[in-house]
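A.B. asks: What follows is the residue order along each chain.
There are 2 protein chains.
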Amino acid sequence: MSTDDTTESKCGASKTETSESNCGGSADASTEEKVGATVDDFDADPGSLVAVGLGPGHADGMTRRARAALHEAEHIVGYTTYIDLLPDEITDAADELYDTPMCGEVSRTEEAVDRALAGNHVAIVGSGDPNVYALGGLALEIVESKGATASALDFEVVPGVPAAQSCAARVGAPLVNDTVSISLSDHLTPMPTIESRLHAAAKEGFTITIYNPWSRKRRDNFEKCCEILLEHRDPETPVGIVHGAGREDERVEIVELGDLEALGETDLVDMTTTILVGNEDTYVWDDRMVTPRGYESKYDY
Amino acid sequence: MSTDDTTESKCGASKTETSESNCGGSADASTEEKVGATVDDFDADPGSLVAVGLGPGHADGMTRRARAALHEAEHIVGYTTYIDLLPDEITDAADELYDTPMCGEVSRTEEAVDRALAGNHVAIVGSGDPNVYALGGLALEIVESKGATASALDFEVVPGVPAAQSCAARVGAPLVNDTVSISLSDHLTPMPTIESRLHAAAKEGFTITIYNPWSRKRRDNFEKCCEILLEHRDPETPVGIVHGAGREDERVEIVELGDLEALGETDLVDMTTTILVGNEDTYVWDDRMVTPRGYESKYDY
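The listed protein sequences derive, respectively, from chains A and B. Residue numbers for the first sequence follow our numbering, beginning at 1 and rising by one. Residue numbers for the second sequence follow our numbering, beginning at 1 and rising by one.
In isolation and in its complexed conformation, chain A is listed as follows (with noise of 0.2 angstroms):
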């Protein structure tokens, strides 16, 4: 759904690492992102504001309801890439489409919601699902900052396919069981926090999906993250790597815990991969992670 370095590292985006290590921490973004007009500046009925996740980013992977919606809606606003992703049917059929490059998504969604308030029906969109590091709690914040109401816009998510399950069905059935998402980008979440997260979740035998595992200016985290994992699981635990999932240059490969922190220095790590690391009880066979649900314990087969 979103853009910037804290973005899901979504099965099917194709931001590159190089945009992203141009933004994301600036000290200076408050200045460039400050929302401006508010609902009394604006004359008209209110339109509509939909939040519309597209899923793993190529028209497959989006749902009836997410096509719909993008149908009904009069303008689209997006992150570049993911316009470029829209089926032509759907692109050709808006009124407008407003789409900005990586880095600006708060005046993005801000004039997302500013579209809306002039009375238009507008959906914002973006890869994966708007509830998995993505935009529909801020533009919720910014409906709010804006002195107008969510029930106003009818606002409205419409749910897609979040990359952890996208990249995880490429590899098989690693996260049966329970799971939690961690993203290693420490834009908005304090370092600290992050790390004391992943010893939590490696402890209590969670399988887990990392998003944003990597960039130049936080080559670090990665690094952190592979240590702190392997202080609780064995270094022979399976590590699914999906890179740019649904892209041209897209790769999966399965790997031991113990390589992961070195593969940090290859392309094969960047922001448009996620990683799944496997619990006590994942094993590979046949080229899949495999996590048991448990049912061998219980039924004989």
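It should be emphasised that the hints constitute simulated quantities derived from the structure, not laboratory data. Remember, it's a predicted structure, so these values are computed and weren't measured experimentally. Any given hint might turn out to be false.
Where chains are identical, the list cannot tell them apart; a pair therefore holds if satisfied intra-copy or between any two copies.
Calculated lysine-lysine pairs in the DSSO-like style (CA-CA distance at most 30 angstroms, straight line) [what the hints assert, rightly or not]:
no. : residue 1 : residue 2
1   : Lys203    : Lys224
2   : Lys224    : Lys298
3   : Lys298    : Lys217
Start from chain A and add chain B according to the hints.
C.D. replies: Relative to the frame of chain A, chain B by itself:
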């Protein structure tokens, strides 16, 4: 995807608490569910097996890829409720439908595997995603136990929108940061493990999606869960409750954590309910749950 009391209590599912309470934990299940045939019992060239996540359960929530996979399948296998949810265009096009009521997830999955080994193109379906408390892993385990391979069956997982995301969308933006999914069913995971995970998740500031929150057989688990959450979080913490999402009896409520335990005694909370627990920052505004990403600390809006 799956059908016993360990399954995803997904938006759109329509299993009843009554039928659930008749299965799941029975000690004699192993005798009923013994898997028989092995790969050597089949003469034909193997067909294919695809595990398809239907998303929230109604046709609008399905991805185009899921729809295509079901059209390509000759046989569709699933829990009766999910087969009933499929659009007529799909069920009419299939050569055979094989559905069984709740509780038979192992024998049903074996049936799907056997049909694939016998040379058919088989889809096994469930709501939500095949990687979320579902049959993706069980299918692989059964293929392995029969001496076949996933590659020989072109085994594929087609992801769907999980209940966490379908239900989160209905209450706003409750899950936008690091998040965990925990099932309260102790059929396949021991209760001390579940309790320890709840402690860790609540202590570490994760938002929490609770699957399978309640059944008559294990109301204690729900009470214990509420107590644990209250040890770490304020009684005013917002909690989203989505009952029977996408069904005629759908109900969506946002309550406070301190009131959750008492709701276990009402029909709002049963096995068709998904519960979304906010973190320390989550607030309720205009009937929506909002978990801030943290942008407000970086940007001025």
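A.B. asks: Each hint: holds or not?
C.D. replies: These are the hints, each one checked on the structure:
{"no.": "1", "hint": "Lys203 x Lys224", "result": "both (16 angstroms within a copy, 21 angstroms between copies)"}
{"no.": "2", "hint": "Lys224 x Lys298", "result": "between (38 angstroms within a copy, 24 angstroms between copies)"}
{"no.": "3", "hint": "Lys298 x Lys217", "result": "between (48 angstroms within a copy, 18 angstroms between copies)"}
Figure legend: structure checked against the earlier numbered hints; every hint is met.
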